[in-house]
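Peer 1: Here are the chains, one letter per residue:
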Amino acid sequence: MRHWKDWIAPFLLVFFALLAWEGIARFIGMSFILPAPTEVAAKLWELKVILFTVHLPATLQVIITGLMLSTLLGTGLAVWMNWSKPVEKAFYPLLIVSQTIPVIALAPIFVLWFGYTIWSKVAVTVLITFFPITVNTFDGLRSSSSQLRQLLLTMEAGRRDIFFKLELPSSLPYFYSGLKVAVTLSVIGAAIGEWLGAQAGLGYFSRRMMTQFDGAGVFAPIVLLALVGISLVLLVVLLEKMTLHWRKTE
Amino acid sequence: MRHWKDWIAPFLLVFFALLAWEGIARFIGMSFILPAPTEVAAKLWELKVILFTVHLPATLQVIITGLMLSTLLGTGLAVWMNWSKPVEKAFYPLLIVSQTIPVIALAPIFVLWFGYTIWSKVAVTVLITFFPITVNTFDGLRSSSSQLRQLLLTMEAGRRDIFFKLELPSSLPYFYSGLKVAVTLSVIGAAIGEWLGAQAGLGYFSRRMMTQFDGAGVFAPIVLLALVGISLVLLVVLLEKMTLHWRKTE
Amino acid sequence: MMRNNQHGQAALQFNNVSFRYPTAETSAAKAKGRRNHPLRSFRPFPAIKTAVAGSQTTKSQPLPTHADQLLFDSLQFRVEAGEFICIIGPSGSGKSTLFKLITGLSRPETGQILLHGTAHDSLLGKVGYMPQHDLLLPWRTVVANAALPLELKGASRKEAEQRVTKLLGQFGLEHVANSFPWELSGGMRQRVSFLRAVLSGSDILLLDEPFSALDAITRLEMQEWLMEQWKRRRTTVLFITHDVDEALFLADRIFVLHDTPVRQLHDISVPLRRPRNAASLHNPELIALKQQLLELLRTKVKR
Amino acid sequence: MMRNNQHGQAALQFNNVSFRYPTAETSAAKAKGRRNHPLRSFRPFPAIKTAVAGSQTTKSQPLPTHADQLLFDSLQFRVEAGEFICIIGPSGSGKSTLFKLITGLSRPETGQILLHGTAHDSLLGKVGYMPQHDLLLPWRTVVANAALPLELKGASRKEAEQRVTKLLGQFGLEHVANSFPWELSGGMRQRVSFLRAVLSGSDILLLDEPFSALDAITRLEMQEWLMEQWKRRRTTVLFITHDVDEALFLADRIFVLHDTPVRQLHDISVPLRRPRNAASLHNPELIALKQQLLELLRTKVKR
Amino acid sequence: GENAEPAEKNAGDASDTDAEKKAPAGEQAEIDIMLDWYPNAVHSYLYVAMENGYFEEEGLEVTIQFPANPTDPINLAAAGKITLGITYQPDVVTARANQNVPVKSIAAIVRSPLNHTIFLEDSDIQTPADLAGKKVGYPGIPLNEALIKTMVLSDGGDPAEVSMIDIGFELGTSIVSKQVDAVTGAYINHEVPVLAFEGHATRYFNPVDYGVPSFYELVLVTNDATWESQEEDIRAFWRAAVKGYEYMVEHPDEALDILLNYQDQANFPLIEAVEKQSLTILLPKMEADSGFGSQDADSWQETIDWMLEYGLIDETPSLDEIFVNITE
Ligand SMILES: Nc1ncnc2c1ncn2[C@@H]1O[C@H](COP(=O)(O)OP(=O)(O)OP(=O)(O)O)[C@@H](O)[C@H]1O
Ligand SMILES: Nc1ncnc2c1ncn2[C@@H]1O[C@H](COP(=O)(O)OP(=O)(O)OP(=O)(O)O)[C@@H](O)[C@H]1O
Ligand SMILES: [Mg+2]
Ligand SMILES: [Mg+2]
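Respectively, the protein sequence lines represent chains A, B, C, D and E. Just so we're aligned: the first sequence equals residues 1 to 250 in the numbering used here. Just so we're aligned: the second sequence equals residues 251 to 500 in the numbering used here. Just so we're aligned: the third sequence equals residues 501 to 803 in the numbering used here. Just so we're aligned: the fourth sequence equals residues 804 to 1106 in the numbering used here. Just so we're aligned: the fifth sequence equals residues 1107 to 1434 in the numbering used here.
Just chain A, same shape as in the assembly:
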């Protein structure tokens, strides 16, 4: 971010990759299998109205609802586990193990449970964003050094004091790290959710275009999805910078 020069090399790499892609695409000449980047750009322009007024809002709605829900549930569970040892003992191992299993395979079932409403997609999003938020927040709450905890105890701090004055601030950087992961995953979750059943949304639109032999139309919404992902992460970084101004980052 800071040093624009750092971006020269990757920019050149991307530029030449695009050039090569353009060349190959034109050589193959089957734009529904491999559209050229210029075709994708043109398509993006052509479809701008419907993409920006219908599909982008639909996807954003899923992403934002999903993120809000999993932040709520995730931090809630994290705080609860931090508060009560038995809760931690019961849930923490399950959380960890749940990450080694492909929970996403359950996604198709959600369509049966929630139909084609926003909730089937939100459920997928929550399913995959819940973990990073919960575990990071919990680890953050636990990250506060036990020496500091003891110090606060010698000052007669109660459980609440320790939570608000020590554990909560300690957990913030971890929470943001978790949120960054979650934000990225939420875009993926929304896209997958939309494949499985939707009436609108960028992921849905991309798949729909595939049945229409429209290669450029397949890629155009993906480009938008990528931009959504990047913007959301930047947003979290900004938020982090603003709230963690005390950090040692010159």
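Among the clues, some could well be false.
[As the list claims (entries may be wrong)] Here are the computed lysine-lysine pairs in the DSSO-like style, where the Cα-Cα straight-line distance is at most 30 Å:
no. : chain 1 : residue 1 : chain 2 : residue 2
1   : B       : LYS339    : A       : LYS89
2   : D       : LYS1034   : D       : LYS956
3   : D       : LYS1034   : C       : LYS790
4   : B       : LYS255    : A       : LYS241
5   : A       : LYS5      : B       : LYS339
6   : B       : LYS335    : D       : LYS961
7   : E       : LYS1382   : B       : LYS298
8   : B       : LYS339    : A       : LYS241
9   : B       : LYS298    : A       : LYS85
10  : B       : LYS335    : A       : LYS5
11  : C       : LYS731    : C       : LYS790
12  : C       : LYS600    : A       : LYS85
13  : E       : LYS1391   : E       : LYS1255
14  : E       : LYS1349   : E       : LYS1284
15  : B       : LYS298    : A       : LYS89
16  : B       : LYS491    : D       : LYS903
17  : D       : LYS956    : B       : LYS339
18  : A       : LYS85     : C       : LYS790
19  : E       : LYS1255   : E       : LYS1284
20  : E       : LYS1284   : E       : LYS1240
21  : C       : LYS731    : C       : LYS666
Just so you know, the hints here were simulated from the structure itself, not pulled from any lab data.
Starting from the known structure of chain A, fit chains B, C, D and E with the ligands onto it as the hints suggest.
Peer 2: Same frame as chain A, now just chains B, C, D and E with the ligands:
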């Protein structure tokens, strides 16, 4: 692992959750929407032959091929980036940015490129496992302290010595962490790849059972997928324990 | 300038205090469960170890080898009001544990700890404690860090910070009031930490190896600074150190912990008048005392 | 027992050596590019900070405030074969940089560094270097760690380890040959690190604050141990420390760095015969010397 | 952009939208219907009913959904997530017979198979037996496996050698990009002309020529429970649909225009010429002597017998439960 008592609480939690699920499922009585756990178990038994001889091997083939490929490519790129500053400058930022965009949305395209062969699924798997392996290995190579590097230099170590005697061993723990992430993601990748078009595989079979209105049949392969995920992670942990025996873990 | 007052009430008194940590098995398991859940190594998406500036957790805890063994056995001693006591002893001899008992973080198995002649239900909040390293909250400014004990005692944040601000000058911190800990040098951080301990409001201060992380020169400066502060405030100070020179320079009396379980403290008065300076340590009587102390410690360190 | 030999060839000689670090901007940017890529904070799947046992990177580097300023200006000095030189100076005065120049990690801007009268193209591999902290490779056993310089010089691993094994006894390491670094105490780790420096084969050893991380008692022991080793090996030693007592106890001569840029080293001979012991430091002449050194350092430290 | 969002139930006092004005007094009943595919000529009558206000006249608020997966209409209807789904007769039999999924057919929309097995003009496939050893794509609908099995068997081939690949909605793309050798589940009235329009000539097999009974291609299904609770609404829905159908028969061009107007050009760019052609093929297949949508037990029995014979089902589902004749 070590303290079996640590497993009592989560075990009880799972047990009661299953019990509740059984109760609710029987109450609803629509097993194709929500099969009871006992039905799933029965189905798993009933389908054991086809699951274990056809679909499990198909999925494992995808997973293993994908993991091997992305380990090869990932460690290769990591070593290259570590060796050459320009390569790092060009690729590293792209790798990072690539993680904020939902590359998985490209998965449907792979079917167009590779057809319904194993390669479209392998491509999805490589796509999502490549990043954690590359970045972790690279960070591992870079993790070696600069003080140690200077120390080796004062002993007249060459670039190769520093790589083999310092950077490589330093990177191993990071590599394993990356591999653990990758292994988990590979199961997800294979499942998603199979949704998009397959003739065999656990992900495919699960969805297929849905078209047969067989709820228990939907869940049974997911249970197997979960077991595959857990076993693979355990395998990596074992491998890690064996090769990193020097680590301070009593 | 001995301020002992054997006939008044002791500022701090141990009456037959015995203590042991819980059995090795449980405590080890406990410590582990908290820090290293067995599953943690499994973590496919491992904890994101955000480098939080200023957090220090480098000091390795002594291994709990002696757990389940009695650490203090009917220990008795008294500290008079206004005394400066240094506590030395080999690693693992129980110096920090002594402080845990006095602060109320641990409770004696038997016996009583009296502050100014009174036994308390819980000692938490009754003494000022300055831990090894500085242990400042990295997200709080100097003022806010020092204000912490006042806030915990119920003052509003604003009120607390006002009270702190008035004191900053005395501690040489007026120019860094709104700096964050990472912006300060090690010596400055120690000052903040000391100010915080002072603000706990108690007239008994426990300092656990406060200067061990500083370099030799800064350390000397901080020792002199601490002497001044102590003279001005006339608080009772208990000060743990590994450094015999430091103990000799600072203390009225030195307590040596040197056997396990500790039944009795070697109680050594330092025959030096105040004010002292670095040169004071070179008088022959003190040199002999230093040799004696070093021998005492050395025999225990060799294994 | 001065081993000076003003007429022979100096073991080490600086001829008008000048040095500065590159401009603040480039060097800071460089350091940053390597350690903190600007994108790193973006990382959705952040680096997995596996806790690698034994890796120590806690010591904070001095801030590069003086960068682009001349650090050494036509510096001249010579060290005779077999001498024990201690180097003291405030933080940031350039002590470690001096070692970087001697080891060949940095190159002088002008001037020459001669080893035994010869100028070398690259000094890398020509002197033995023992960095602050122990810096052992955590994945190598004691033997394998010590064998590292031999391996790097081309010996096969087996051969190298055989040679090391023969020496372990002399260094008191025979019982821990196959232990990993984390299994050793701090003092033991320093021994391994010293053995490794000795095995680099050079007769000039550079030790950068080797004992600063040890507690006071262990430190005393290690100082005595080092004296014995030095007596036995008759190598030339340059030893950086912050601790004036340590310097006085160990050195034939003390070099004090105390202005920036360093134009000249304060070169102080220690008027003490060997063998020395802790008590030797208490003779009045030495006490005066210590006071003088402390004053020298203190004036620079105050800002 | 959420079509499935529930409208306000007690809208009597609410805003004065067009729908409200046309509606008779009282509450509007909600009907969610999921099409079998994305909208095309075969759905014209629904759009006509919508455009011309037939649904509102019946006091219905109808939401039309499109499936993301070909099997969703029957699945979601069975799960009660939608009121009605358009699906395939043999699938209803499978659901009822194998898992006793509580779905029932309430109307037959297209009365004979549109579903053909298509392959590129220059393919070496000549008869269904040639499919052995080939890759055949199908949209995940189990019926298609039955079709191929029957066709290959009746042509003397070995159906076990056909490799069937679930390709979801990618019927056109996968055959054009040569990922599969043939696809089944493609419609004679839709994929065939669309592919031709895109410049890909195809040939095809009609299943009825190779031992498959002339089953109802498209039927309207609902859940037993939904039927019980909303029978009146569904009957009302069907009355409106029949009106739409009659309009479509009389004014096919206008009906198509309505459909095309409803299409969001970017979303579902239908090709007018193709849809015209499609409608001509469709109309005869939708016409029924005893009224649009009528079902007769013989057709069901025939389909069940065929499926039993080819081992697609193990038990005979009860005819009483599997369909209701809405025209009676
Ligand atoms: N929480 C604990 N549980 C069990 N045993 C403990 C605990 N804390 C300390 N111990 C044990 O009690 C003994 C005394 O520990 P303590 O920390 O008081 O030593 P110390 O004198 O402060 O050492 P150091 O100089 O290294 O700080 C040690 O043997 C230690 O292993
Ligand atoms: N790599 C570098 N690039 C730029 N400046 C540097 C670098 N390393 C050190 N410096 C600067 O050079 C000066 C001398 O640093 P050096 O590390 O030699 O000090 P030192 O005497 O060893 O200090 P300490 O006692 O803290 O170890 C300092 O001002 C430091 O900021
Ligand atoms: Mg201690
Ligand atoms: Mg240094």
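Peer 1: Next step is simple, just say for each hint if it's right about the structure.
Peer 2: Hints and how they fare:
{"no.": "1", "hint": "B:LYS339 to A:LYS89", "verdict": "44 Å, violated"}
{"no.": "2", "hint": "D:LYS1034 to D:LYS956", "verdict": "26 Å, holds"}
{"no.": "3", "hint": "D:LYS1034 to C:LYS790", "verdict": "27 Å, holds"}
{"no.": "4", "hint": "B:LYS255 to A:LYS241", "verdict": "42 Å, violated"}
{"no.": "5", "hint": "A:LYS5 to B:LYS339", "verdict": "10 Å, holds"}
{"no.": "6", "hint": "B:LYS335 to D:LYS961", "verdict": "35 Å, violated"}
{"no.": "7", "hint": "E:LYS1382 to B:LYS298", "verdict": "50 Å, violated"}
{"no.": "8", "hint": "B:LYS339 to A:LYS241", "verdict": "25 Å, holds"}
{"no.": "9", "hint": "B:LYS298 to A:LYS85", "verdict": "40 Å, violated"}
{"no.": "10", "hint": "B:LYS335 to A:LYS5", "verdict": "14 Å, holds"}
{"no.": "11", "hint": "C:LYS731 to C:LYS790", "verdict": "24 Å, holds"}
{"no.": "12", "hint": "C:LYS600 to A:LYS85", "verdict": "24 Å, holds"}
{"no.": "13", "hint": "E:LYS1391 to E:LYS1255", "verdict": "24 Å, holds"}
{"no.": "14", "hint": "E:LYS1349 to E:LYS1284", "verdict": "43 Å, violated"}
{"no.": "15", "hint": "B:LYS298 to A:LYS89", "verdict": "34 Å, violated"}
{"no.": "16", "hint": "B:LYS491 to D:LYS903", "verdict": "38 Å, violated"}
{"no.": "17", "hint": "D:LYS956 to B:LYS339", "verdict": "33 Å, violated"}
{"no.": "18", "hint": "A:LYS85 to C:LYS790", "verdict": "49 Å, violated"}
{"no.": "19", "hint": "E:LYS1255 to E:LYS1284", "verdict": "22 Å, holds"}
{"no.": "20", "hint": "E:LYS1284 to E:LYS1240", "verdict": "12 Å, holds"}
{"no.": "21", "hint": "C:LYS731 to C:LYS666", "verdict": "19 Å, holds"}
Hint violations for this structure: numbers 1, 4, 6, 7, 9, 14, 15, 16, 17 and 18, all remaining hints satisfied.
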